[in-house]
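Participant: From just these sequences and the hints, can you work out the full model?
Here the protein sequences line up with chains A, B, C, D and E, keeping their order.
For the first sequence, counting from 1, position 292 maps to 292 in the numbering used here; every step adds exactly one.
For the second sequence, counting from 1, position 14 maps to 14 in the numbering used here; every step adds exactly one.
For the third sequence, counting from 1, position 302 maps to 302 in the numbering used here; every step adds exactly one.
For the fourth sequence, counting from 1, position 341 maps to 341 in the numbering used here; every step adds exactly one.
For the fifth sequence, counting from 1, position 281 maps to 281 in the numbering used here; every step adds exactly one.
Think of the hints as simulated: they come from the structure by calculation, not from any bench.
Since this is a predicted model, take the numbers as computed values, not measurements.
Where a beta carbon is used, it is the ideal one built from N, C-alpha and C, also for glycine.
Hints may contain errors.
Straight-line distance between alpha carbons at most 25 Å, and here's what the computed SDA-like set of lysine to any residue pairs gives [stated by the list, open to error]:
#	chain 1	residue 1	chain 2	residue 2
1	C	K98	E	L260
2	B	K6	A	I257
3	A	K353	B	R51
4	D	K350	E	D177
5	E	K98	D	R227
6	C	K98	E	D287
7	A	K353	C	G344
8	D	K350	E	R246
9	E	K350	D	R352
10	C	K353	A	V294
11	C	K6	E	D177
These stretches of chain C come out as covered by chain E in the derived footprint (C-beta under 8 Å, 3 or more residues) [what the hints assert, rightly or not]:
#	segment
12	64 to 74
13	197 to 210
14	269 to 278
15	287 to 293
16	325 to 338
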Amino acid sequence: MRLFHKRYHPPGTSPGTLVQAATPIAPRFRLVDYNGTQYREQDFTAPGECRPYLSADTVTWIHVQGNASPEAVRELGELLGLHELALEDTMNTGQRPKLEAYGDHIFAILNRPVLGEDSIRVEQVSLFAGARFLVSFHEGASDPFEPVRERLRRRAGLFTSRGSDYLLYSLIDLIIDAGFPLLEAVGERIEALDEQLVARPRRDTRVHIHQIKRELLLLRRMLWPQREVVNGLLRGDQALITPGARIYFRDCYDHTIQILDLIETYREMTASLLEMYIASVSNRLNDIMRVLTVISTLFIPLTFITGIYGMNFDNPQSPWSMPELRWYYGYPFVWLVIIATVIGLLVFFKRRKWW
Amino acid sequence: MRLFHKRYHPPGTSPGTLVQAATPIAPRFRLVDYNGTQYREQDFTAPGECRPYLSADTVTWIHVQGNASPEAVRELGELLGLHELALEDTMNTGQRPKLEAYGDHIFAILNRPVLGEDSIRVEQVSLFAGARFLVSFHEGASDPFEPVRERLRRRAGLFTSRGSDYLLYSLIDLIIDAGFPLLEAVGERIEALDEQLVARPRRDTRVHIHQIKRELLLLRRMLWPQREVVNGLLRGDQALITPGARIYFRDCYDHTIQILDLIETYREMTASLLEMYIASVSNRLNDIMRVLTVISTLFIPLTFITGIYGMNFDNPQSPWSMPELRWYYGYPFVWLVIIATVIGLLVFFKRRKWW
Amino acid sequence: MRLFHKRYHPPGTSPGTLVQAATPIAPRFRLVDYNGTQYREQDFTAPGECRPYLSADTVTWIHVQGNASPEAVRELGELLGLHELALEDTMNTGQRPKLEAYGDHIFAILNRPVLGEDSIRVEQVSLFAGARFLVSFHEGASDPFEPVRERLRRRAGLFTSRGSDYLLYSLIDLIIDAGFPLLEAVGERIEALDEQLVARPRRDTRVHIHQIKRELLLLRRMLWPQREVVNGLLRGDQALITPGARIYFRDCYDHTIQILDLIETYREMTASLLEMYIASVSNRLNDIMRVLTVISTLFIPLTFITGIYGMNFDNPQSPWSMPELRWYYGYPFVWLVIIATVIGLLVFFKRRKWW
Amino acid sequence: MRLFHKRYHPPGTSPGTLVQAATPIAPRFRLVDYNGTQYREQDFTAPGECRPYLSADTVTWIHVQGNASPEAVRELGELLGLHELALEDTMNTGQRPKLEAYGDHIFAILNRPVLGEDSIRVEQVSLFAGARFLVSFHEGASDPFEPVRERLRRRAGLFTSRGSDYLLYSLIDLIIDAGFPLLEAVGERIEALDEQLVARPRRDTRVHIHQIKRELLLLRRMLWPQREVVNGLLRGDQALITPGARIYFRDCYDHTIQILDLIETYREMTASLLEMYIASVSNRLNDIMRVLTVISTLFIPLTFITGIYGMNFDNPQSPWSMPELRWYYGYPFVWLVIIATVIGLLVFFKRRKWW
Amino acid sequence: MRLFHKRYHPPGTSPGTLVQAATPIAPRFRLVDYNGTQYREQDFTAPGECRPYLSADTVTWIHVQGNASPEAVRELGELLGLHELALEDTMNTGQRPKLEAYGDHIFAILNRPVLGEDSIRVEQVSLFAGARFLVSFHEGASDPFEPVRERLRRRAGLFTSRGSDYLLYSLIDLIIDAGFPLLEAVGERIEALDEQLVARPRRDTRVHIHQIKRELLLLRRMLWPQREVVNGLLRGDQALITPGARIYFRDCYDHTIQILDLIETYREMTASLLEMYIASVSNRLNDIMRVLTVISTLFIPLTFITGIYGMNFDNPQSPWSMPELRWYYGYPFVWLVIIATVIGLLVFFKRRKWW
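Facilitator: Structure representation (structure tokens):
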């Protein structure tokens, strides 16, 4: 995930300007229309096609997958009376999650966390919910809402007999719960690093810890405001959400908190891992230096002793001219000195507990 | 304790889906039914058996120990009018503690800290409390509520003559107070590490500090929300809790705060221990390097001096050809130079306060 | 950006004292006057010239670019009834952003972030907004509001038919959105440092991380209070802002939050980079020391062995006088000892996983 | 001060159970009874003895010093209508400070900081205050309230003519102000460590900093909640505290804040001292390594040079067999090489600013 | 500035006890009495002398410079009806800033930051303000309020025609604005350290950073509560402050916030400087060790080689007795080995990018 991945217009652009996204994911428009007794599903190409469904006494769900053209988005916006600033935020992905009330409908932006091959990323989901309609935009390539459609087809649960608030709950629940398998995977990576650090840290442990830290930092930034979004839906001031649905949003809020809580815990854990890594690097340096010091301290004095007797003082007239070299037990005496030095130093090391 | 130990359904599952837990702890259902004058206790196998007790004017306490089957949980839920989302949270253990009001009853999740053999873990306790009934679920193998049952049997205190709120208080008090012996044990481990660090840090001190940090981090995550749960019971907006019982819940809240306070203090303490460990590793490196430097600095110049007079310049025609070797006092002179060098260096070290 | 870049009067100066700024940027006064049907634009030299426009039923926007003289500012203040303390803050640049209500008009100070050649700086913008007038002061050399004037000339959007609140929104939006390209650039610098640290840290990486940290610290200080300014405009207690304009200020607030959020994320990221840098320096020290230790530990004992046999014990009468030197296989034997020592040490290093 | 020093009952004990403390400090009961005109003081052995004083229109202050027996505490509680949970907290010392209202009286727990010989500890003071009585429990050996009794005897100040709220203020003021001399002493220890670190850090500086950190951490934990206690007395919702006394409690609150403020400042100061200690250890390591490197780098190459000419190549037939040894100026030439090497290395060190 | 510099009485002293300060700065009493038409200034020795001025319909400002005697303070207090606790705080300097309302007058303590020769300190200013009088106490030697008196004499601004609230504002503004030149000086010291760290850190940089940290820590402690004091004056609940003066106190509040904001920024900056210092010390250690390692690794193996051929194996009967020494090209061959070793090691270092 990039540090900065928000699309924005050059400062000074008129508010409500819509511009085609650069990445070319062909859009797909999917309409689902249902009430307690009937269910219809249809793909369409122009927003105008869904106008007949909107007037009927059913819940109409229009899902826009991929990057729709500015014209299509604007047409959809005019059809349903959506605000230009909301449509701009829908197209400029990389927004913070937020919830905004616009008279008869609400507008919510959420981020769906996705576990990619070697990193975590988020995909923006924009939701417009009115009393009898729901419009969802998803910036990615694959449609994440198929399980909801499947449950609608099977008429599972209390879905079909209720209003758009239950549908809204189902979509938001799906987006938020996508965090659980992802955080389970991250948790396993942290556990693996933890075990590695206790056993034997490796050179790239540092880089792995940093990468997890970075991913958690960015994930937290993109998910943290979701707490406020779900809390806003839960509070009593949204007429759209019926009291019966509110219990379900309360469950959603609970999951949001659990996910943010896990992210915070993981962040503290990685901070602790890094501290332990640094402590272990220091420890290792101590080990290395201890070996160097023991070896050097043992042999450097001995080499000095042998150096003494390697000197060539040989004035035959002088009795001071290295008489040791000519002693009968000179050589064994030197060995005695060497051995005594070694023993002395070993005792010194032992006292300092260097092994 | 694992970093991620929450059970969850695949995203997109219908809300209220109940699935059997993987770990096979055979469930046990225990019913206690009492009022001011009578006390009955019975084990049962199907939730339907406790129906007769529910209608009577007594407090009926059903305790489910271990992993009940989805069918039994659903039957119990229907018998008492419990919400499907609450039952789902009861079966998917690893939840954050929370308190939820459902019309005529309240639902609370608490975590009971347990000191295992070499680590700390928490066990989820789910409580449903209505005016005349209380249902408790505990995920572990052994029943923690036996002391309450014992007090009920002995008709100790003001228990038996009061409503289910006093029973609820007794259970929650038991769960929360389980933290005190556990934190006393952790405190002793920290004190031991503290003493070890002042006296002589060991190689694995680093790992022990990290383990305590990790345990405290996870424990805090699982216990922190309990503050809000008990506070919610204490506040005036729960009709279930009578004013007389509220003083007892205030005591409970006090204990919760004390436990969280201790956890925070321990966390700061372990952070301080780690800092001290790192400072002591640095100190130790300094000691090692000082010894190496003193020895090397003493003997390397001396070895050079002996090297000089170990050279074989022996052009007999040249008066420049190492005349020192042939001086009468050459060898004692070299020793003088060596001793002077040693003294000079020792003075240098002394000035730098290297011992 | 300097740590302290506020202009202030010596303590004890009378409140409302106006003093010419030291940096000589010649001021420029630009007047724009428009309503739903007409648009006029004019430069003027003395504030008195704009008096006729003020009485008309149009929105009158006076923009002061550069450092105006105290006399001109005071004249403008008297013309429009601006408070002496507000005028003092307008001239003493380097203020914190703030919003103040003065009876019939509001006074806002904002900071516009600018990406200079090798650093980030902010320029103070002061805004006075009444029902039918708007006065803006900008301390820099170039006029940042030309895009707004261009949109007014083209009569783009709903601008021209609305009051001064829409004009105020346009100016504030421009100031705040200037943060996005700037933070995109900073984000790229952080990404580059991140890659450099994973691949191979350089000596000056430390200085670059510190510089980014410093810039983000100062940027946050100058932008953080803008949140409160825009929030103050958004709340219902400012009669000047009509409900229709409030949705636009909500969008502004959203952008302010996104920018502050990015700054916080970047700050945590640079803190993490510094930690990784320190860990990598420690790692590198370990590598260096390992090589030193391996080489020293290999060769210092060998040098001792050769030193032994370089001694000149040559008492021909003594059988103890280095008999090895005269052994038939003495020299190959020494090589055997050397090779055995090397192999032993290599096995020791291997066991410690030193490569 | 121990990390965990709270007395608690095994989980599952009935609420309100009273158990004799293990440490045997014989209790002492002291009664003071006064009003505007009279003053009586008496020691007693059984709580029942003070019953006659309670009914009179005087302020009756019963002070229990040391560890009273459960029976005496229970009798006192029944005499004055004290709640069983409050009595339990009174006997189980090591509680957090707290304030609780019980109908006609209030119950407060405070911690009195005491500067022991080599560490800081706190002693629990429990206070029950009604309209005409005050009961105080103090767990230590010596009575800290003698100065108040002395002032009562001398009828100093406005004491004697007022109600129990002035007495309560005097006791709380005494407990809280005990923090000032203690923190003055801690401040002096920190100043001494600061000076030591600037001049010359010692080996045990690390341990001293850690000990002060630990003491401040525990002190803060035990004193922090006192802020809420005094604030609770200060707020208007306690009928017991008359408006005239409230100004005195405001002064008390002020002192509480000053003490907590000092503790926080000291904590930041010790954190800064530890950072400086670590920086100074690193600096010192650099110094040591610089000396080692300069000496090694100077002499190791020189030793190599002398090693060259210590080799015994002496094939008289070969002109390649170390001809230097037989040059006329061979030996002075070697000295030239040595001196040139030394000068070159010294210039190199100078350039790197190694001295 | 000392860590602990509060004067306090021994715990147990009666509230409102006044004791002469130890440091003997002879007090000076200065009276200023003015209204819209007249201005009188007079020094006096006994508080009773100012009694006639108090009854007149003028603003009477009594300034007490230095350490007044307890008797004079008590007399002044009785003359104006000041509370004994407020007088005690006035004499016991080193208080936290605070604002207290006493019926018809308010009492404020502020700290005036002063830049001494080599450190920062604060001086306590105590202010009592009633409808028609103002009493100020300043503990230092020189009178900081002369500029206000000068403006009063010149009848500058709207001073003289207004009540004591404008005078109070002028004094508080002077005290608070004293922070700006001081923080400008601190900012320059930090900038200088920053440049030094980028260029070349020095040994005492560590101590300088620590000293600035300490000064900022203490300064923040003494100034932080001033925010609440000025905010308290600004809020509507003080009858003394007229709405017209409130705008001026709002400006004061703004300056207080700016100063605290700067202190926080400086604190983060010094923390960042310390991190950079530690990183630079580590870097420098790496440099030193690299040089040591390169030199040692180059010459230690070479010395071993020369050691080999310095051995004295000279059994003339043995063909194994160092035949190399007698080879025709033995000596050049050794040089070849030496040069090859050096080149090999240089390539190894090059690959590791050690230069």
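Participant: Decide if the proposed pair is consistent with the structure: K98(C) and D287(E), CA atoms, cutoff 25 Å inclusive.
Facilitator: violated (49 Å)
Participant: Checking one constraint from the list: CA of K98(E) to CA of R227(D), max 25 Å. Satisfied?
Facilitator: holds (16 Å)
Participant: With a cut-off of 25 Å on the C-alpha distance, tell me whether K98(C) and L260(E) pass.
Facilitator: Roughly 15 Å separates the two Cα atoms, so the pair holds.
Participant: Holds or violated: K6(B) with I257(A), Cα cutoff 25 Å?
Facilitator: Satisfied, since the Cα-Cα distance of roughly 13 Å is no more than 25 Å.
Participant: Compare the distance between the alpha carbons of K6(C) and D177(E) with 25 Å, and conclude whether the hinted pair is satisfied.
Facilitator: Cα-Cα ~12 Å, so holds.
Participant: Do the alpha carbons of K350(E) and R352(D) lie within 25 Å of each other, as the hint requires?
Facilitator: Satisfied, since the Cα-Cα distance of roughly 20 Å is no more than 25 Å.
Participant: Between the alpha carbons of K353(C) and V294(A), is the straight-line distance 25 Å or under?
Facilitator: holds (19 Å)
Participant: Quickly compare the C-alpha distance for K353(A) and R51(B) to 25 Å and report which way the hint goes.
Facilitator: violated (72 Å)
Participant: Closer than 8 Å Cβ to Cβ for three or more residues is the test here. Does the segment 287 to 293 of chain C pass it with chain E?
Facilitator: As far as the segment 287 to 293 of chain C goes, the hint holds, because 5 residues have Cβ atoms under 8 Å from chain E.
Participant: Within a Cα-Cα threshold of 25 Å, do K350(D) and R246(E) meet the stated pairing?
Facilitator: violated (64 Å)
Participant: Do three or more residues of the segment 325 to 338 of chain C come closer than 8 Å to chain E, measuring C-beta to C-beta?
Facilitator: Satisfied; 9 residues make the cut.
Participant: Holds or violated: are the alpha carbons of K353(A) and G344(C) at most 25 Å from each other?
Facilitator: Holds, at about 24 Å.
When held up to the earlier numbered hints, the structure conflicts with 3, 4, 6, 8 and 12 and fits the remainder.
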